[in-house]
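**Q** Sequence:
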Amino acid sequence: METVSKNIIHEGARLKQIVRDKRMKILEFADLAGFSNQIAHYYFRKEAIKRATLLEFCALLGISLDEFYNWTHPRRTQPQPAVDFHQGQRLDELIEEKGLNKTKLADRMGLSRRALYNLLDKSVFTPDQMKKICQVLEISAKEFLGGNHVEENGADGPEIESWKDKYYRLLEDYNKALVEIARLKELQ
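Numbering (the numbering used here), first residue to last: 320 to 507.
I should point out that these hints are in silico values taken from the structure, not numbers from a laboratory. Possibly wrong hints are sitting among the right ones.
To be verified - For each label pair, taking beta carbons as the anchor points, the in silico distance ranges come out as:
| no. | residue 1 | residue 2 | range |
| --- | --- | --- | --- |
| 1 | G465 | K504 | 24 to 34 Å |
| 2 | G418 | L489 | 21 to 31 Å |
| 3 | A496 | P446 | 18 to 28 Å |
As the list claims (entries may be wrong) - Below, a list of computed lysine-lysine pairs in the DSS-like style, where the Cα atoms sit at most 27 Å apart:
| no. | residue 1 | residue 2 |
| --- | --- | --- |
| 4 | K369 | K341 |
| 5 | K441 | K461 |
| 6 | K341 | K451 |
| 7 | K451 | K441 |
| 8 | K369 | K495 |
| 9 | K335 | K365 |
| 10 | K483 | K461 |
| 11 | K451 | K461 |
| 12 | K344 | K485 |
| 13 | K451 | K421 |
| 14 | K421 | K441 |
| 15 | K441 | K335 |
Note that the Cβ used here is the ideal one computed from N, Cα and C, for glycine as well.
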């Protein structure tokens, strides 16, 4: 009697881990594979994925089937040592980008020109200074800090993913219920 070896890994969860480890958004993976975000989440929940489909996914991700099953890459890479981010220099860059006159900017901020230059020398602003700068420049604090200086996957990243998964499961259940209702109406 021949025994069939059962997968000891959850293939959908492994696929999702690889997509994340490759710093790819789920929507990007779905677009690459040619299906909707909803279908991507469907595959991430499947314990076993057909071998042909899995081979296609591996090809899209640039890995072999063996690499898929033996994936040992860490879920999160070790954080790089933080590069000193000088907020005064960032303000100076924004002034240059926007082509602003420093004297007029100082007036709009309610500062003297000398105080503005002192601000440009500061490496870290107080929350009040940051708020005032963002108001005058008409940008958010996130924009001021720049996208590459804000942690993309913060502490709430897994929680957000959990909510997304729940949303897509509920959406699929809702769609199934609509189909069932339509089928029942046809029977009447």
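**Q** A separate judgement is required for each hint: does it hold in the structure or not?
**A** Evaluation of the provided hints:
1. At roughly 54 Å, the beta-carbon separation of G465 and K504 lies outside the given 24 to 34 Å, and the hint is violated.
2. In this structure the hint that G418 and L489 lie 21 to 31 Å apart at CB is violated, the actual value being about 49 Å.
3. Between A496 and P446 the CB atoms are about 48 Å apart, so this pair departs from the stated range of 18 to 28 Å.
4. Our distance criterion of 27 Å between C-alpha atoms is met by K369 and K341, whose separation comes to about 22 Å.
5. Using a Cα cut-off of 27 Å, the hinted pair K441 and K461 holds, with the two alpha carbons roughly 18 Å apart.
6. At roughly 38 Å between alpha-carbon atoms, K341 and K451 are farther apart than 27 Å, so this suggested pair is violated.
7. This hinted pair checks out: K451 and K441 have alpha carbons roughly 15 Å apart, not beyond 27 Å.
8. Between the alpha carbons of K369 and K495 the distance comes to roughly 23 Å, so the proposed pair stays at or under 27 Å and holds.
9. A distance of roughly 11 Å separates the Cα atoms of K335 and K365; the hinted pair therefore holds under the 27 Å criterion.
10. Among the hinted pairs, K483 with K461 is consistent with the structure: their alpha-carbon atoms are about 23 Å apart, no more than 27 Å.
11. Under the criterion of a C-alpha separation no larger than 27 Å, the hint pairing K451 with K461 is consistent with the structure, at around 14 Å.
12. At roughly 17 Å between alpha-carbon atoms, K344 and K485 fall within 27 Å of each other, so this suggested pair holds.
13. About 15 Å separates the Cα atoms of K451 and K421, which keeps this hinted pair within 27 Å; it holds.
14. For a cut-off of 27 Å, the pair hint linking K421 to K441 stands: about 16 Å separates their Cα positions.
15. Pair hint K441 plus K335 does not hold up; C-alpha atoms about 43 Å apart against a cutoff of 27 Å.
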